[in-house]
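Please build the complete structure, drawing on both the sequences and the hints.
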Amino acid sequence: MPEIHIIAAVARNGAIGRRGDLLFHISADLRRFKSLTMGCPIIMGRKTFESFPKGALPGRRNIVVTRDSGYSRPGIETAGSIREAVAMCDGADTGRIYIIGGGEIYRQSIHLADVLDLTEIDADVTDADTFFPPVPPGAWTETESTQYVVATDTTPPYRFTTFRRVRTQDQSL
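Just so we're aligned: 66 in our numbering is position 66 of the sequence shown, and the numbers increase by one with no gaps anywhere.
By construction, these hints were calculated from the structure, which means they are not laboratory data. Every value quoted in this text rests on a predicted model; they were computed, and no experiment measured them. Take these hints with a grain of salt, some might be off.
What the hints assert, rightly or not - Taking CB as the label site, the calculated pair distances span:
# : residue 1 : residue 2 : range
1 : G138      : P58       : 33 to 41 Å
2 : G75       : T168      : 23 to 31 Å
3 : K34       : E3        : 13 to 21 Å
Said to hold, decoys possible - In silico SDA-like links for lysine to any residue, alpha-carbon gap of 20 Å or less:
#  : residue 1 : residue 2
4  : K47       : A92
5  : K34       : D117
6  : K54       : G39
7  : K47       : G80
8  : K34       : G59
9  : K54       : L30
10 : K47       : P2
11 : K34       : G80
12 : K34       : P53
13 : K47       : Q147
14 : K47       : R67
15 : K34       : G70
16 : K34       : F52
17 : K34       : Y71
18 : K54       : R73
19 : K47       : G70
20 : K54       : S27
21 : K54       : G80
22 : K47       : R12
23 : K54       : D29
24 : K34       : R96
25 : K47       : L30
26 : K47       : R60
27 : K47       : E104
28 : K47       : L22
29 : K47       : L57
30 : K47       : E144
31 : K34       : L57
32 : K54       : H25
33 : K34       : F24
34 : K34       : L22
35 : K47       : A28
36 : K34       : E50
37 : K34       : R67
Note that CB positions come from ideal geometry on N, CA and C, so glycine has one too.
Now the structure itself:
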């Protein structure tokens, strides 16, 4: 089974979205997202998919989780649950699956993930309406991180951080 990665840009207070859109459009974050996910299956909720102005993201297998069994759009496959979507990726030759949002999909999948690829945004967003689920302390270890990038007029400070799930002896058997 490929590794399951969750990729998200998360503010200090856990905020990830507002009115169906990203909180910040940070060029370096969008480039990192494209670089990491290119060629890999991506799993998302219907609302996240519908927020893409041009539809399915090119160069990736787009799987949309929806309760609507009749939902169909060009360039996507559908699944009725996170587990079904992940099972559809069994044997993916990239070795990685990316779960790309939104908030409810993250909440349903965080217990399945092996890796969190986060853009940590050093800001609190008070008018957000979508949030990343709480990450249980001790369940993850930071394996990579960059220094915070200095804020600009349009971008708050941010850094890229990768966390890997801590596996106990019992979990690895």
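Cross-check of the supplied hints:
no.	hint	in the structure
1	G138 to P58: 33 to 41 Å	39 Å, holds
2	G75 to T168: 23 to 31 Å	40 Å, violated
3	K34 to E3: 13 to 21 Å	19 Å, holds
4	K47 to A92	25 Å, violated
5	K34 to D117	12 Å, holds
6	K54 to G39	18 Å, holds
7	K47 to G80	14 Å, holds
8	K34 to G59	9 Å, holds
9	K54 to L30	15 Å, holds
10	K47 to P2	25 Å, violated
11	K34 to G80	25 Å, violated
12	K34 to P53	16 Å, holds
13	K47 to Q147	32 Å, violated
14	K47 to R67	12 Å, holds
15	K34 to G70	29 Å, violated
16	K34 to F52	14 Å, holds
17	K34 to Y71	25 Å, violated
18	K54 to R73	11 Å, holds
19	K47 to G70	15 Å, holds
20	K54 to S27	18 Å, holds
21	K54 to G80	23 Å, violated
22	K47 to R12	23 Å, violated
23	K54 to D29	19 Å, holds
24	K34 to R96	14 Å, holds
25	K47 to L30	19 Å, holds
26	K47 to R60	18 Å, holds
27	K47 to E104	10 Å, holds
28	K47 to L22	12 Å, holds
29	K47 to L57	14 Å, holds
30	K47 to E144	30 Å, violated
31	K34 to L57	9 Å, holds
32	K54 to H25	16 Å, holds
33	K34 to F24	16 Å, holds
34	K34 to L22	15 Å, holds
35	K47 to A28	24 Å, violated
36	K34 to E50	18 Å, holds
37	K34 to R67	27 Å, violated
In summary, the numbered hints that this structure violates are 2, 4, 10, 11, 13, 15, 17, 21, 22, 30, 35, 37.
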